[in-house]
Amino acid sequence: MIDLLALCAFNAAYADAIDSDALERWPDFFADDCHYRITHVENEREGLPAGIVYADSRAMLEDRIAALREANIYERQRYRHLLGMPLLLEAEADTARARTPFMVARIMATGQTEMFATGSYEDRFVRREGRLLLQSRVAVCDSTVTDTLLALPL
Amino acid sequence: MIDLLALCAFNAAYADAIDSDALERWPDFFADDCHYRITHVENEREGLPAGIVYADSRAMLEDRIAALREANIYERQRYRHLLGMPLLLEAEADTARARTPFMVARIMATGQTEMFATGSYEDRFVRREGRLLLQSRVAVCDSTVTDTLLALPL
Amino acid sequence: MIDLLALCAFNAAYADAIDSDALERWPDFFADDCHYRITHVENEREGLPAGIVYADSRAMLEDRIAALREANIYERQRYRHLLGMPLLLEAEADTARARTPFMVARIMATGQTEMFATGSYEDRFVRREGRLLLQSRVAVCDSTVTDTLLALPL
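Residue numbers (our numbering), protein chains in the order written: chain A, 7 to 160; chain B, 7 to 160; chain C, 7 to 160.
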């Protein structure tokens, strides 16, 4: 059975990959046939499927990271994720569904720090060959106006 | 014995009820004869019992939610709770005392996000018929000036 | 083996000592021959050893607290730490290495609250006579411009 501590450890590693500029490791947290989306609470409530960012395979996530590197986006800003304890909604031997709150601060090259995004991950996990992977992560932002600023993954 | 993980899971569900607009579920986290209070660190240090918000039964919590719904308070703002790991101060088979730090962001309908409140929950838990419940939660805010803005529960 | 939950409980107690103005307890979280440093991500990347704050014994930590008390620094500001789940990098019976993200809000006597610092602790733990202690904690701030404001420990 997938348990709370396993999800905590997974999320700690996920956030660390983004925040410590190891973006190339980020796609490895996903299954090949994954779904990743950033959206906001109003779009989600109205069932609008297209989000701010959308990917439906790990290859698309890899493309996104390559594009960010080319744009040198990491020179200009860093993120710091603080994740809450997952709320375990369903847990089976090799699958789980969970919701995890996040706060993300953005630190600009000037040193300015601001609360960049808050919201929750709506997650489906699978265990394949002993490894926990995201089958689907939808990052639902609480605010409707972060869109244009988004660059690094949430 | 009530352990750390049980409190973590409880707190994750508590915060989720508030942040995902399931306010009607919020009183269910409390025992019938509960104590709930929002206060700030200076009032608490001086032993002033009356807080910013005060309830001494679950029925009062239910009344508060009904009032918030009537005022459509949720249309105008959302909260996002990030809770730290509880500091377990005492743990018995069916009771526990813990202190848990919180940061709460407020997201206005305009999309504006701000650090709304920080502080700690001073908690007494009881287990009744197998369910963990709050006998007492005192939300002690670090700042003395959040009073007039308070609306949703902390 | 030192496990995730033991580190979580340790960090909860550590943050509570600072945030609840029990600063005299703060040095007790360190081994006698400890290393404590506050630095930022650019200094760390360039391998600059001197940080914003530096101590290489518990006695130096005690001196620092005495100086803060003399300056009445706690009358003017409070901190609130929110710590993420530790990323366990190595774990043995009596030693461990971990990285833990933090967000620290600062609450001024005026009540003003701001995101003061974000970053990660780079930690080495030891267990001595059954107690977990920090052999080394390096608080690596994400921003390069918090220096002059630093007062309380991170």
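Note that these hints are calculated values from the structure, not bench results.
Keep in mind the model is a prediction, meaning the values are calculated, not measured.
Glycine included, each C-beta is placed from N, C-alpha and C at the ideal position.
One thing to keep in mind: the hints can contain errors.
Label pairs and their computed distance ranges (CB to CB) [to be verified]:
(1) 73/B / 51/A: 17 to 25 Å
(2) 66/C / 151/B: 47 to 55 Å
(3) 157/C / 135/A: 26 to 34 Å
(4) 135/A / 82/B: 47 to 55 Å
(5) 83/B / 63/C: 46 to 54 Å
(6) 78/B / 135/A: 48 to 56 Å
(7) 30/A / 100/B: 45 to 53 Å
A few chain A positions that, by computed beta-carbon distances, are all more than 10 Å from chain C [unchecked claim]:
(8) 7
(9) 37
(10) 47
(11) 53
(12) 54
(13) 58
(14) 69
(15) 82
(16) 84
(17) 86
(18) 88
(19) 113
(20) 116
(21) 119
(22) 120
(23) 130
Right, here's what the structure says about each hint:
1. 73/B / 51/A: 17 to 25 Å: Holds, since residue 73/B and residue 51/A (Cβ atoms, about 24 Å apart) stay within the stated range.
2. 66/C / 151/B: 47 to 55 Å: Distance hint for residue 66/C, residue 151/B is violated at roughly 36 Å.
3. 157/C / 135/A: 26 to 34 Å: With a Cβ separation near 50 Å, residue 157/C and residue 135/A fall outside 26 to 34 Å, so the hint is violated.
4. 135/A / 82/B: 47 to 55 Å: Once the Cβ atoms are compared, 48 Å apart, the range 47 to 55 Å for residue 82/B and residue 135/A holds.
5. 83/B / 63/C: 46 to 54 Å: 48 Å, holds
6. 78/B / 135/A: 48 to 56 Å: 50 Å, holds
7. 30/A / 100/B: 45 to 53 Å: 49 Å, holds
8. 7: It holds; residue 7/A is separated from chain C by about 17 Å at its closest Cβ, greater than 10 Å.
9. 37: 22 Å, holds
10. 47: 22 Å, holds
11. 53: With a cut-off of 10 Å, residue 53/A remains clear of chain C, as the shortest Cβ separation is near 32 Å.
12. 54: It holds; residue 54/A is separated from chain C by about 31 Å at its closest Cβ, greater than 10 Å.
13. 58: 23 Å, holds
14. 69: Since the minimum Cβ distance to chain C is about 27 Å, residue 69/A lies beyond 10 Å and the statement holds.
15. 82: The claim stands: residue 82/A keeps its Cβ more than 10 Å from every Cβ of chain C (closest is about 13 Å).
16. 84: Non-interface label on residue 84/A violated, nearest chain C Cβ at 5 Å vs cutoff 10 Å.
17. 86: 4 Å, violated
18. 88: 5 Å, violated
19. 113: 4 Å, violated
20. 116: 8 Å, violated
21. 119: Its Cβ does come within 10 Å of chain C, the nearest being 5 Å, so this is violated.
22. 120: Not fine: 7 Å to the nearest Cβ puts residue 120/A too close to chain C.
23. 130: 20 Å, holds
In this structure, the hints that do not hold are numbers 2, 3, 16, 17, 18, 19, 20, 21 and 22, in rising order.
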